[in-house]
Structures are given as structure tokens and as C-alpha cells.
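Undergrad: Kindly generate the complete structure, drawing on both the sequences and the hints.
Read off the chains here:
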Amino acid sequence: MLDTTVANEAPDTAVTNRPLVDIRDLKMYFPLTRGVIFQRLIGYVRAVDGISFSIRRGQTMGLVGESGSGKTTIGRTIVRLYRPTAGQMLFDGRDMAKLPREELRQLRQRVQMIFQDPYASLNPRFTIGSLIAEPMFIYNVASRKEIRERTAELLRVVGLRAEYIDRYPHEFSGGQRQRIAVARALSINPEFVIADEPVSALDVSIRAQVLNLMQQLQQQFQLTYLFISHDLGVVRHVADRIAVMYLGKIVELADRDEIYAAPQHPYTRALLSAVPIPDPKVEKRRRRIILSGDLPSPIRIPSGCRFHTRCPLAQSICREIEPAFAPKEGREHYAACHFSERVAPID
Amino acid sequence: MPTQEYAADAAGKSRVQVYREYDGGDLTILLDRVIVGSVLTEENGERNREIPLKDGSVLKVQVLDDQVQVLKDDEVLPPVPPAEPEKIKPRRSETASQTIYVLGHPSVNTFDEEIFEASWGSIWGKIIGYAVLFLVIAAVPLITHIISAFSPVYLLALVALAVIFGVTVPAFIFLVIGVPYFLAKQLGGKAKFMEHAYLLIIILMPLVIFPFVVPLIGVLYQVYNPLNFTQLSANLDGIQRIFEYILIPLSIYYFVLAIPALMSVHKLKPGAAAITAFVSLVLIWLAVLGLAFSGYLLALAHFYFQILPK
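First to last, the sequence lines map onto chains A and B.
With our numbering, the residue at position 37 of the first sequence is 37, and numbering never jumps.
Every position in the second sequence, counted from 1, becomes a number in our numbering once 1000 is added.
Honestly, the hints are just simulated from the structure, not real lab data.
Since the structure is predicted, the reported quantities are computational estimates derived from the model, not experimental observations.
Any given hint could turn out to be false.
Stated by the list, open to error - Using 27 Å as the maximum straight-line C-alpha spacing, the simulated DSSO-like pairs for lysine-lysine come out as follows:
| no. | chain 1 | residue 1 | chain 2 | residue 2 |
| --- | --- | --- | --- | --- |
| 1 | B | K1054 | A | K328 |
| 2 | B | K1269 | A | K98 |
| 3 | B | K1190 | A | K145 |
| 4 | A | K328 | B | K1060 |
| 5 | B | K1190 | A | K98 |
| 6 | B | K1267 | B | K1190 |
| 7 | B | K1013 | A | K328 |
| 8 | B | K1060 | B | K1072 |
| 9 | B | K1087 | B | K1013 |
| 10 | A | K27 | A | K328 |
| 11 | B | K1126 | B | K1192 |
| 12 | B | K1072 | B | K1185 |
| 13 | A | K27 | B | K1267 |
| 14 | B | K1190 | B | K1126 |
| 15 | B | K1060 | B | K1087 |
| 16 | B | K1126 | B | K1185 |
| 17 | B | K1267 | B | K1192 |
| 18 | A | K27 | A | K98 |
| 19 | B | K1126 | B | K1060 |
| 20 | B | K1126 | B | K1267 |
| 21 | B | K1013 | B | K1072 |
| 22 | B | K1072 | B | K1054 |
| 23 | A | K27 | B | K1060 |
| 24 | A | K328 | B | K1072 |
| 25 | A | K98 | B | K1087 |
| 26 | B | K1267 | A | K98 |
| 27 | B | K1192 | B | K1087 |
| 28 | A | K98 | B | K1192 |
TA: This is the structure we're talking about:
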């Protein structure tokens, strides 16, 4: 189990030091079946294949990786939109994977999700007031009048005018819609927010606005974030710790600055080499690592190290033995590579 | 195999892996899949190597007559077969045993667990599957006619049957599921329709199909035996008796299953769940009688199809 906290080393000392979210060996396999009534199982899509990480209260964990690596599945599994195949998902010490439905419903009040596409996640037939208020009605947190007042307040918090409360989503820009989605997620005072690519669908010019808003709200409401993105540049801006995913597994996990300065996995190195640097001189002399081929199928995962089919450092042992996800030189920096010492530092 | 594993502790949890790409090649030594050293037999002619580990112990790997031996603190480590990948037990909803399990465990806990599998895709999959099954049951006599003596009339009748069952089976399902849903809501039920429909379909449809499959044997008997209208009536009496003997115990069992299912999905009290289950049962009876009547009409049609070509 990977742990970034003191609490798990001395579990009975202080509950306050316990990580808010503690994911242990989480697996989410989607069955592939044939037949309608008498279905038979012909295999699994191993979308998430034994993931472990923890997030302390008030921290932001960035989860990065290319499309199809399982980032979104992790987020959706944590909020139990999917039922995990195996593993534990401890939220404030309680395993969300095993909670009965009613207790899960109560716990979900403390966990909210912001989705990637604000054009799709807001129902165009409802006013933004109804959309933001909906979770409050579901959890019956206040009277109708109080909910309306809180909705107006939430609009102000996310930088929109309270008079917009009766407008419809199509009357807003992409950035404003994502602000509405943020307001909706915050409406029932969650402690943990899973932001699934919250700025990917937005113009570059308004990304920073939404990211700054999220950071400001984190400080204001002591929020804990799991920030999912395929863009290492964005994650660097918001995350305290970063986990890099490849084909359903975390291949590297470290503090933000550490991972950017000295990546220990060739995949992370390749991703970092693709992040543009706003300095033409540096950008020009910088060495780019272009990965060959596509992400292999999660139905037939390569033997040994799952990155060996695209890895520039791969040796024959990589085809045979899957490297352990181990700490590097005793630091809180984990990587799953046999030859991590050969990964070149960032220029 | 280029990799050999050795148990590094008594429980076999910690393992030493020795990787050799080919016979006589260099050895790469790993502890719990982390490289800790190598023996360069090819390059330097090394026959053994001592590797100090972080816990203070010393791992020694030696090559004797081209056989690899691994020692930890001078104790020879036993070779073990490579660890088997953990087998994932399929969920009940992924196998045919889901139906059997649910039918055999009528408790609130069973349905609490099943409810997480609810989805519209699964509901429609089951409805379409059952519509096809009903169609096959009803169409067997016609198909045998088409095979023995083709006539466009039979084919037309088959298409008509497909349309009828394509409409009546989903209508039947939504009727016997929808009315109890609204009743449960009136009694304080909290479920979404999708969850409610999913659970009731799981327990309802096998119980409804069963009494139809058994009389099919009787219908097949009719097909292969020339009959007149008097014999047909006598056979239908027999079918009716089978219906009675099977339908009553099945109805009671449906009632036993529906109560915990409704308690689970709607959070209803036992009394309210029993009332809803009873109404649901009455509807099923009415619908099944309707279907049986349709079957009777089909049997009549079958009788006339037999005499018409003559």
C-alpha cells in the first residue's frame, strides 16, 4: 500500500492525520459477454488494474495519462458509479466499496464530481438555479427558500451574478458553464471533489480562470481534490502530488516538483517532453520523446511491464517480469520501472 | 522458462526472481520484482555474487554446474512455481447463475446487492431476450410446418407472430412492473423505476416462462400427431391442468421473492411490500390468462392451418 501520510504508519495515534481518501489495490474490470439471456463471460476489459494511493485532507492529487489509461474510470469508481471488481476505497476510514446503499447515499453527500464537458453535464431543460439546487433538494438540506438563497450565494462564489439564477445553460459560455458545474458540486458542502478533466473542453484563455477558482475554493472550503487530466501542464498548476497512469496502472507517483524535475519512469519522461515550454530558445533545443504505436488493448495487456511495447529503454527482462511499484532511494517517489535510473532528467 | 522464483520467506510472500534470457547467459536478480543485482557469467565468467539487502541480510546467488542456487543468510531458498495471477470471480449478473442465485435466496440482502447491477441496457436485453423466447415457444408448430410443407401463409403467420410478441411481451412486462411501481410510490416507495424494473424482471420472467415451456412439450406432441378438434380440446384440457399445478406454487414463490425485492428497492415496510406484491401477482395472473387465451387461439389457428391445405 502506498501512503503519503504519517497516520498509516501509526494508525491509532491521530484520526485527524488519517488520509481522507485511501485507495488500496483497486480493480475495475468490465466484463465482455456473449448472449442475451444466458450470458457467458468471454473476458474482461481491465480498465483499472490494482491501483493504490491516498490523499490527505486539503491536498490535490493529480491523475494524468493518455486517453484510455483508466483515469476517468478511477473517478467514477470512487463515487461508486461503478461497482469495483476488487480492492478498498476508504473515505474517512469507511470502505465505500462495501457500504450498503443507504449509507453510501449519505456518504456521497461528502463526495462530488465535476465532469469534463459542461455542455453535456448540464441539462439544457433546467434553469441553472434548478441545476445547482438539485443536490440540495435530493439531500433535503434546507427549506425551499433557504435553498434559493444558497443557490444565489453559490453563483456569487463562483463569480457569476445572482440574477442569472433563472437563466438556462445555453445562455452561458463554456467557462461560465463549468463555473455552474463547480457551484453545483459545492452546493451540498462536499469534502472531496473529483474533477474529471474540468478544463479540457474549455478555451485556453478561460482555463486559468476556472483553475484559479478551483484553487481559491479549495482554500476557502478546505476541499480535497482528485484532479484528473491528460495535460501535465494543467496538473502542474494545481496538484500537490501527481500519479501517472498507463493502461490501468499507476506507473509513477511523486510530489509535483519531484516528478517534473526527476521523472523515474520513461512514460512520464515522454509525457513531460510533450509539455510545451513558453520559451522559444528552450523549446528549440529541447529533446522530444515520441512514443511509437498506440496504447495496447486493455483486454490483452502485454506480459511483463505493460509499457515495454512502446518503451525506448525496454530490455528482454521487461517482457517477462512486471516491475514492482517501488519507492526510489527511500523517497516518497514511486515508479514501476526496472531501469528507472536510466531515465534522463528533464533538460 | 527464463525466470525462476525462490521463496524468500516462510510464507512465500516475498520472492526472489532470477531472470536469464537464455541458457548460459547473465543472471538478473530481483527481490519482489525489483532488480537488486546481477551475475555476469557471460561477460566476466562470474560464478556467484553476494548482494546485501536493505534489511541487513545477504542474498547469495551461485551457479553450480549451470544450475542456479539462491541463498539468503547462507540458507538455501527453495524454488517455487511462479505466482498465479489472481482469479477474478465473475459477478452474478455476468453469469446465468445470477437468476438461479436470486431465485434461491429470497432475502433483502440479496436484492440490496443486485440493485447495483441495474441498468436500462440490462433491462432491455432481458425484455428482448424474453420476447424472442416467447416467440420461439409459440412459433415451433409453424416452423415445423414450414419445414415439412412450405406455404407463404405459414411464413406470413410467422411474421405476424413476431410482430405480436414484439409488442405484447414488452407491454406485458411494463404493465406488470409499472402498476406495482406506482402503487409502491403511493405507499412511500423511494426507488427509481429503472431499479424497480430490473429487480422485478429478474424474479418475474423465469417464473412466467417456466409454465409456458412445460406445455410446449404437449404442443409438440400435437404437431407430430394428427388430431381432430375433439382431441385438440382434450389436449388443451391437459395443458390447462399443467398450468394450474405449476402456476399456483410459482405464484406463491413469486410472492415470497417479490416482498424482499420491494422492501429492498423501495425501502418499504413488509406490509406495504406485501400489498404491492399481491397487486403485482393479480396483474400477472390476468396477463398470463390473456397469454394463455392467445395460445388457445393459436392452437385453433394451427388446427385450421392443418385442414385448410386439404
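Undergrad: Each hint: holds or not?
TA: Structure-based check of all given hints:
At roughly 13 Å between alpha-carbon atoms, K1054(B) and K328(A) fall within 27 Å of each other, so this suggested pair holds. With a C-alpha separation of about 24 Å, the suggested pair K1269(B) and K98(A) falls inside the 27 Å cut-off, and the hint holds. A C-alpha spacing of about 24 Å is found between K1190(B) and K145(A), which places the hinted pair at or below 27 Å, so the restraint holds. Among the hinted pairs, K328(A) with K1060(B) is consistent with the structure: their alpha-carbon atoms are about 23 Å apart, no more than 27 Å.
At roughly 21 Å between alpha-carbon atoms, K1190(B) and K98(A) fall within 27 Å of each other, so this suggested pair holds. Taking the CA atoms of K1267(B) and K1190(B), the gap is near 7 Å; set against the 27 Å cutoff, the hint holds. Between K1013(B) and K328(A) the alpha-carbon distance is near 21 Å, which keeps this suggested pair within the 27 Å criterion. Restraint check for K1060(B) and K1072(B): satisfied, since their Cα atoms lie roughly 6 Å apart, inside the 27 Å limit.
Taking the CA atoms of K1087(B) and K1013(B), the gap is near 17 Å; set against the 27 Å cutoff, the hint holds. Using a Cα cut-off of 27 Å, the hinted pair K27(A) and K328(A) holds, with the two alpha carbons roughly 24 Å apart. The suggested pairing of K1126(B) with K1192(B) holds, with an alpha-carbon distance near 18 Å, which does not exceed 27 Å. Distance restraint check for K1072(B) and K1185(B): the Cα-Cα separation of roughly 68 Å exceeds the 27 Å cut-off, and the hinted pair is therefore not satisfied.
Restraint check for K27(A) and K1267(B): the C-alpha separation of about 30 Å exceeds 27 Å, so the hint is violated. Only pairs whose Cα atoms come within 27 Å are accepted, and K1190(B) paired with K1126(B) is accepted, the gap being roughly 24 Å. At most 27 Å may separate the alpha-carbon atoms for a hinted pair to count; K1060(B) and K1087(B) exceed this at roughly 33 Å. A distance of roughly 24 Å separates the Cα atoms of K1126(B) and K1185(B); the hinted pair therefore holds under the 27 Å criterion.
Distance restraint check for K1267(B) and K1192(B): the Cα-Cα separation of roughly 12 Å lies within the 27 Å cut-off, and the hinted pair is therefore satisfied. Between K27(A) and K98(A) the alpha-carbon distance is near 14 Å, which keeps this suggested pair within the 27 Å criterion. At roughly 61 Å between alpha-carbon atoms, K1126(B) and K1060(B) are farther apart than 27 Å, so this suggested pair is violated. At roughly 25 Å between alpha-carbon atoms, K1126(B) and K1267(B) fall within 27 Å of each other, so this suggested pair holds.
Distance restraint check for K1013(B) and K1072(B): the Cα-Cα separation of roughly 15 Å lies within the 27 Å cut-off, and the hinted pair is therefore satisfied. For the proposed pair K1072(B) and K1054(B), the alpha carbon gap of about 13 Å is at most 27 Å, so the pair holds. With a C-alpha separation of about 36 Å, the suggested pairing of K27(A) with K1060(B) is violated against the 27 Å cut-off. Distance restraint check for K328(A) and K1072(B): the Cα-Cα separation of roughly 23 Å lies within the 27 Å cut-off, and the hinted pair is therefore satisfied.
Taking the CA atoms of K98(A) and K1087(B), the gap is near 20 Å; set against the 27 Å cutoff, the hint holds. Of the supplied pair hints, the one linking K1267(B) and K98(A) holds, its CA atoms being roughly 19 Å apart against a limit of 27 Å. A distance of roughly 34 Å separates the Cα atoms of K1192(B) and K1087(B); the hinted pair therefore is violated under the 27 Å criterion. For a cut-off of 27 Å, the pair hint linking K98(A) to K1192(B) stands: about 21 Å separates their Cα positions.
The structure is inconsistent with the numbered hints 12, 13, 15, 19, 23 and 27, although it conforms to all the rest.
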